[in-house]
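Peer 1: Each chain, letter by letter, is given below.
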Amino acid sequence: GAVVSQHPSWVICKSGTSVKIECRSLDFQATTMFWYRQFPKQSLMLMATSNEGSKATYEQGVEKDKFLINHASLTLSTLTVTSAHPEDSSFYICSAQSWQENTGELFFGEGSRLTVL
Amino acid sequence: GIQVEQSPPDLILQEGANSTLRCNFSDSVNNLQWFHQNPWGQLINLFYIPSGTKQNGRLSATTVATERYSLLYISSSQTTDSGVYFCAVETRDDKIIFGKGTRLHILP
Numbered sequence: 001g002a003v004v005s006q007h008p009s010w011v012i013c014k015s016g017t018s019v020k021i022e023c024r025s026l027d028f029q030a031t032t033m034f035w036y037r038q039f040p041k042q043s044l045m046l047m048a049t050s051n052e053g054s055k056a057t058y059e060q061g062v063e064k065d066k067f068l069i070n071h072a073s074l075t076l077s078t079l080t081v082t083s084a085h086p087e088d089s090s091f092y093i094c095s096a097q098s099w100q101e102n103t104g105e106l107f108f109g110e111g112s113r114l115t116v117l
Numbered sequence: 118g119i120q121v122e123q124s125p126p127d128l129i130l131q132e133g134a135n136s137t138l139r140c141n142f143s144d145s146v147n148n149l150q151w152f153h154q155n156p157w158g159q160l161i162n163l164f165y166i167p168s169g170t171k172q173n174g175r176l177s178a179t180t181v182a183t184e185r186y187s188l189l190y191i192s193s194s195q196t197t198d199s200g201v202y203f204c205a206v207e208t209r210d211d212k213i214i215f216g217k218g219t220r221l222h223i224l225p
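Protein sequence lines, in the order shown, are assigned to chains E and V.
Once you know that position 58 of the first sequence is 58 in the numbering used here, the rest is easy, because the numbers rise by one and skip nothing.
Every position in the second sequence, counted from 1, becomes a number in the numbering used here once 117 is added.
Since the hints were derived computationally from the structure, they do not count as laboratory data.
Watch out, some of these pointers could steer you wrong.
As the list claims (entries may be wrong) - Below, simulated DSS-like cross-link-like pairs (lysine-lysine); rule was C-alpha separation at most 25 Å, straight line:
hint, chain 1, residue 1, chain 2, residue 2
1, E, 20, V, 212
2, V, 171, E, 66
3, V, 212, E, 41
4, E, 55, E, 66
5, E, 55, V, 212
6, E, 64, V, 212
7, V, 217, E, 41
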């Protein structure tokens, strides 16, 4: 199957700083990537859809100035949590659609656990 | 928007038992996938199954798109099967929506 790599796996930062999370499709090109947030023992909540070369589409209630998404190439999307606060602490997961077998099957990165002090 | 409901929410079984997990969705979808989230948070692809039946070892899945449900079967459960099982659907407007998951505990 296709491989998606997410980095960093863990990050601890001080309140007020910004954190960038990278999501890479390693063996396929992904025109569309998705960013999710997951709270403990809950499901994945879609934050935004990232499209290569265009602006991301944010879900209702997600602040686009808070969560900056950039999809500058067909293999890389980044999520920047700006001016992070403790309530932003969460598990962030990216995914990418692979059309290698004409299915659009979704593959996930390992996730990034953010702790804001 | 579309509703994706999974049942049961929690399931505790003895090693060796079989189980059936269900995913209902409220509208037509482009496709459906099943995932297993391990204790470290990694989502593992199990099946891409917009319709029909697939099998992979002890796991199999069936989606009946016309009746808007999918089933995941796990046979001869092992402790390593523990974790959370999610179904996710791609909506007609190309969004991926997850169910709330089924938390499976396999006891040794």
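Peer 1: Are the Cα atoms of residue 217 of chain V and residue 41 of chain E separated by 25 Å or less?
Peer 2: holds, 9 Å
Peer 1: Hey, residue 55 of chain E versus residue 212 of chain V, does the alpha-carbon distance stay inside 25 Å?
Peer 2: Since the Cα atoms of residue 55 of chain E and residue 212 of chain V sit roughly 16 Å apart, the hinted pair holds (cutoff 25 Å).
Peer 1: Just to be careful, I want the Cα atoms of residue 20 of chain E and residue 212 of chain V compared with a cutoff of 25 Å; is the pair within it?
Peer 2: holds, 24 Å
Peer 1: Compare the distance between the alpha carbons of residue 55 of chain E and residue 66 of chain E with 25 Å, and conclude whether the hinted pair is satisfied.
Peer 2: holds, 15 Å
Peer 1: Run the distance test for residue 212 of chain V versus residue 41 of chain E: straight-line Cα separation, threshold 25 Å.
Peer 2: Satisfied, since the Cα-Cα distance of roughly 22 Å is no more than 25 Å.
Peer 1: If you draw a straight line from the CA of residue 171 of chain V to the CA of residue 66 of chain E, is it 25 Å or shorter?
Peer 2: Violated, because 41 Å separates the two Cα atoms, which is more than 25 Å.
Peer 1: For the pair we were handed, residue 64 of chain E and residue 212 of chain V, check the Cα-Cα distance against 25 Å.
Peer 2: holds, 18 Å
The structure fails to meet hint 2 from the earlier list, while all remaining hints are met.
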